[in-house]
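Asker: What follows is the residue order along each chain.
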Amino acid sequence: MSVNKNKIDNEDLIICRCEEVSKKEILEAIADGARDLRGVRIRTRSGMGLCQGRSCEVLVRKIISQQLGTNLKELPPSTRRPPVRPIGLKLFMEDDNGFKE
Amino acid sequence: MALKNNLDAVIVGGGVIGAACAYFLTKAGMKVGLFEKGDIASGASGGCDGNIMAQDHQPGYDTNLTMISNKMYKELLKELDWDIEYSEKGSILVIETEDELKFMLDRMKQQLACGLPVRFIDKDELYQQEPLLAPGFLGAIECSSDAACMPIQVVIALVRKARSLGAEIHTFEEVKKVKLDKKGKISGIVTVEGEISTSIVVNCCGAWAPFLGKMVNLDIPIKPRRGQLVVVEQVAQVGHRKISEAHYIVAKFNPELAEGTDSDLIKYGVAFVFEPTASGNMLLGSCREFAGYDTRTTLPAIRAIIQRAIHFIPSLKYLHCIRTYAGLRPYTPDHLSIVSQVDEVPGFYIAAGAEGDGIGIAPITGLLMSQIILGQKTTIDINPLRWSRFSES
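Line by line, the protein sequences give chains A and B. Every letter in the first sequence is one number past the one before it in my numbering, and letter 82, counting from 1, is 82. Every letter in the second sequence is one number past the one before it in my numbering, and letter 332, counting from 1, is 433.
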């Protein structure tokens, strides 16, 4: 049996594992007015967990594009914020820690 | 271009202030439309830490405003059918020096006179309650009524409720023009999608309020002041309530006592704020800086915030930062919000300029705006919030 990876049918499917957000909740957010990743994020917490959307972003983008009929390429990316991955607070204790702006 | 139905009032701005004004005006029976350039909560309301805090305010009017608003939040919890993660967990301001101690104890007397439930916690009690604090602090001032909430959920809750009561919510619909009639009164707006006639426009654009002001030739003295925050990973409880430093209050109201403070702290306006959230994450703040409309986070400010946080709670150094973010607080020269009619432009109203207190005072701001527009007696004296104060001195 072949699996169509672009089709996400089951509404109970957990899309954002960090914050346990189901497809149903994402659909509700879109019905509530969310048009992009940030809109879904603020309404459901998807992408607000430890991985910051690195796992779920692709799926959420697909769902938004399916629902709104927008071309995937036209969907704006989520707001990029440092750090790119979780980083120890202790690394900030020295003024010169090798980080650059 | 579709002509929308005429509206009794147009609210411009989909942050917490616009949402509160839309809710209270709709509840009062007006046909309201809220217009927002982007999505709801896309400005300061979506880039802050959800304070409903009275103990960091000047004793007097400013403190009273937040106290009334906090009481209103408790009523709103019954009216809004959406979880805003409200929690009245209290807050403490940690005292580090003898000078701060004297200042804070004097100030506490004035706060008590306002009816704010504050008390001094001595060293022993402080370390019993907050064992993770670094050693050497002298005590703290506790305010048991200070509360926190999830700010974005507050906006969502108010917008949903306003919509269910009949308000029109137009997100992603930027207002391009505010129209005046021959007598100079408000007659309508033009958005990217069409024209709407109305005799009332409420400017709830926060740090962007001056742009809407320009459309009716007003020079609104609000400036964007950037605040940056650090999100810490979810772990078992480090602290159960908001902890900030007394030095912040001392420096804010008594700058000469702040001399000798580390220069980066002054440069970025950094003061320690630790906020455990309902989700289990912790937020670290705070900073205040004028950087135009730039909403990026910067390494020097983030570093100063984290260093200050570790100075107070050393074990934070074993945790991880998962994200940083920033928001633009609408700053006014006298640190008070504008909640007012504008006599020069009949029908134009302003509810903006709460700087970092927008979430805290949103309910009272929305209620006052509806009372002003409907010509009702206001819940609290609105004189300090009047627009005309800027042209008087």
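In short, the hints are calculated from the structure, not lab data. Check the hints yourself; a few may be wrong.
[Said to hold, decoys possible] Lysine to aspartate or glutamate pairs mimicking EDC-like chemistry, simulated, CA-CA at most 16 Å apart:
(1) B:Lys283 <-> B:Glu445
(2) B:Lys368 <-> A:Asp12
(3) A:Lys23 <-> A:Asp12
(4) B:Lys353 <-> B:Asp435
(5) A:Lys90 <-> B:Glu334
(6) B:Lys262 <-> B:Glu334
(7) B:Lys418 <-> A:Asp32
(8) A:Lys24 <-> A:Asp12
(9) B:Lys418 <-> A:Glu11
(10) B:Lys324 <-> B:Glu456
(11) B:Lys353 <-> B:Asp163
(12) A:Lys23 <-> A:Glu11
(13) B:Lys132 <-> B:Glu269
(14) A:Lys90 <-> A:Glu74
(15) B:Lys262 <-> A:Asp9
[To be verified] Away from chain A, derived, C-beta distances all over 10 Å, residues of chain B:
(16) Ile141
(17) Ala142
(18) Ser143
(19) Pro232
(20) Leu417
(21) Thr425
[As the list claims (entries may be wrong)] Short derived list, chain B residues pointing at chain A, Cβ under 10 Å:
(22) Ile403
(23) Ala405
(24) Ala427
A virtual CB, placed ideally from N, CA and C, is assigned to each residue, including glycine.
Asker: For every hint, state whether the structure bears it out.
Answerer: How the hints compare with the structure:
Restraint check: the Cα-Cα separation between lysine 283 of chain B and glutamate 445 of chain B comes to about 14 Å, which is no more than 16 Å; the hinted pair holds. For the proposed pair lysine 368 of chain B and aspartate 12 of chain A, the alpha carbon gap of about 49 Å is over 16 Å, so the pair is violated. A threshold of 16 Å between alpha carbons decides the hint, and for lysine 23 of chain A with aspartate 12 of chain A the separation of about 6 Å falls inside it, so the pair holds. Under the criterion of a C-alpha separation no larger than 16 Å, the hint pairing lysine 353 of chain B with aspartate 435 of chain B is consistent with the structure, at around 13 Å.
Among the hinted pairs, lysine 90 of chain A with glutamate 334 of chain B is consistent with the structure: their alpha-carbon atoms are about 14 Å apart, no more than 16 Å. The suggested pairing of lysine 262 of chain B with glutamate 334 of chain B is violated, with an alpha-carbon distance near 32 Å, which exceeds 16 Å. Of the pairs offered as hints, the one joining lysine 418 of chain B and aspartate 32 of chain A is violated, with about 39 Å between alpha carbons and a cut-off of 16 Å exceeded. Between lysine 24 of chain A and aspartate 12 of chain A the alpha-carbon distance is near 6 Å, which keeps this suggested pair within the 16 Å criterion.
Restraint check for lysine 418 of chain B and glutamate 11 of chain A: the C-alpha separation of about 40 Å exceeds 16 Å, so the hint is violated. Restraint check: the Cα-Cα separation between lysine 324 of chain B and glutamate 456 of chain B comes to about 9 Å, which is no more than 16 Å; the hinted pair holds. Of the pairs offered as hints, the one joining lysine 353 of chain B and aspartate 163 of chain B holds, with about 14 Å between alpha carbons and a cut-off of 16 Å not exceeded. Note on lysine 23 of chain A and glutamate 11 of chain A: the hinted pairing holds, with a Cα-Cα distance of about 5 Å set against a maximum of 16 Å.
Restraint check for lysine 132 of chain B and glutamate 269 of chain B: the C-alpha separation of about 8 Å stays at or below 16 Å, so the hint holds. With a C-alpha separation of about 39 Å, the suggested pairing of lysine 90 of chain A with glutamate 74 of chain A is violated against the 16 Å cut-off. With a C-alpha separation of about 31 Å, the suggested pair lysine 262 of chain B and aspartate 9 of chain A falls outside the 16 Å cut-off, and the hint is violated. In this structure isoleucine 141 of chain B is not separated from chain A by more than 10 Å, as the shortest Cβ-Cβ distance comes to only about 7 Å.
For alanine 142 of chain B, the non-interface assignment is contradicted: its Cβ lies about 6 Å from the closest Cβ of chain A, within the 10 Å cut-off. Not every beta carbon of chain A lies more than 10 Å from that of serine 143 of chain B, the smallest distance being close to 7 Å; the non-interface claim is violated. Non-interface status of proline 232 of chain B relative to chain A is upheld: no Cβ of that chain comes within 10 Å, the nearest being about 19 Å off. Taking the minimum C-beta to C-beta distance to chain A, about 5 Å, the non-interface status of leucine 417 of chain B is violated against the 10 Å cut.
Chain A draws threonine 425 of chain B into its interface by the beta-carbon criterion, the shortest separation being 5 Å against a cut-off of 10 Å. This hint holds: isoleucine 403 of chain B has a C-beta 7 Å from the nearest C-beta of chain A, less than the 10 Å allowed. Interface restraint check for alanine 405 of chain B: the shortest CB-CB distance to chain A comes to about 9 Å, inside 10 Å, so the restraint holds. Look at alanine 427 of chain B: its Cβ gets to within about 9 Å of chain A, closer than 10 Å, so that hint holds up.
Hints 2, 6, 7, 9, 14, 15, 16, 17, 18, 20 and 21 from the earlier list are contradicted by this structure; the remaining hints agree with it.
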